[in-house]
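> Using the sequences and the accompanying hints, generate a full structural model.
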Amino acid sequence: MSFAATLNKRVLLQRLSGAQDEAGQPGVAGWVNVIESGDGKIWAGIRDVSGREFVAAGGTQNSVITTITIRHLPNVQASMRVLHGDDVYNIESVLGTEGRNLKLMCKRGVS
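Each residue of the sequence shown is one higher than the one before, starting from 10 at the first, in this note's numbering.
None of these hints come from the bench; they were simulated from the model.
Certain hints may be false.
The calculated DSS-like cross-link candidates involving lysine-lysine, where the alpha carbons are at most 25 Å apart (straight line), are [claimed, not checked]:
hint, residue 1, residue 2
1, 112, 50
2, 18, 116
3, 50, 116
4, 50, 18
5, 112, 18
Listed next, with one range per pair, are the computed distances between beta-carbon atoms [claimed, not checked]:
hint, residue 1, residue 2, range
6, 49, 27, 18 to 28 Å
7, 81, 101, 10 to 20 Å
8, 52, 95, 11 to 21 Å
9, 27, 59, 26 to 36 Å
10, 71, 107, 26 to 36 Å
A quick note: this is a predicted structure, and the numbers were derived from the prediction, not measured.
Backbone N, C-alpha and C fix where the C-beta goes; we use that ideal spot for every residue, glycine too.
Next comes the structure, spelled out in structure tokens:
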């Protein structure tokens with residue numbers, strides 16, 4: 010299977026925006042798409058690496074570590090997140106920053 014064939018999911022890459030109001034004062038922060046053209050989606054490969062279940066705040070919680078592979082984009086940071094359907098993946102680290110592709114080590118579930 011070719012590498013391109015493993016990038017079979019459409020995802021949104023988002024960053025936290027430090028929005029300002031009309032007077033230039035800090036406003037409410039919110040998530041904005043990194044890619045602003047078209048639908049903002051990029052091709053990615055998603056693979057769950059490990060998962061765990063634990064009790065917190067009076068209930069059972071789940072946390073999954075996932076590797077998301079994308080083609081290289083500049084300035085991808087651990088403060089960003091990836092959306093795929095209803096799933097939110099918080100980027101924990103970015104690997105392979107010198108190559109053609111990036112591996113995003115992400116956590117899905119409890120933040």
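> Would you mind confirming whether the straight-line C-alpha gap from residue 18 to residue 116 stays at or under 25 Å?
holds, 17 Å
> Taking the CB of residue 52 and the CB of residue 95, does the distance hold inside 11 to 21 Å?
Since residue 52 and residue 95 have Cβ atoms about 19 Å apart, the given range 11 to 21 Å holds.
> Taken at face value, is the distance from the CA of residue 50 to the CA of residue 112 at most 25 Å?
holds, 17 Å
> Keeping to a limit of 25 Å between CA atoms, is the pair of residue 50 and residue 116 held or broken?
holds, 20 Å
> Verify the CB-CB distance for residue 49 and residue 27 against the hinted window 18 to 28 Å.
holds, 19 Å
> With 26 to 36 Å as the target window, see if residue 71 and residue 107 comply at their CB atoms.
holds, 34 Å
> Taking the beta carbons of residue 27 and residue 59, is their distance inside 26 to 36 Å?
holds, 33 Å
> Residue 50 and residue 18 were given as a pair; does the straight-line alpha-carbon distance stay at or below 25 Å?
holds, 9 Å
> So if I understand the rule, the pair passes when the alpha-carbon distance is 25 Å or less; does residue 112 with residue 18 pass?
Roughly 14 Å between the alpha carbons, so the hint for residue 112 and residue 18 holds.
> Quick check on a hinted range of 10 to 20 Å for residue 81 and residue 101, using CB atoms only.
Check passed, 19 Å falls within 10 to 20 Å.
Of the hints listed earlier, there is not a single one the structure fails to meet.
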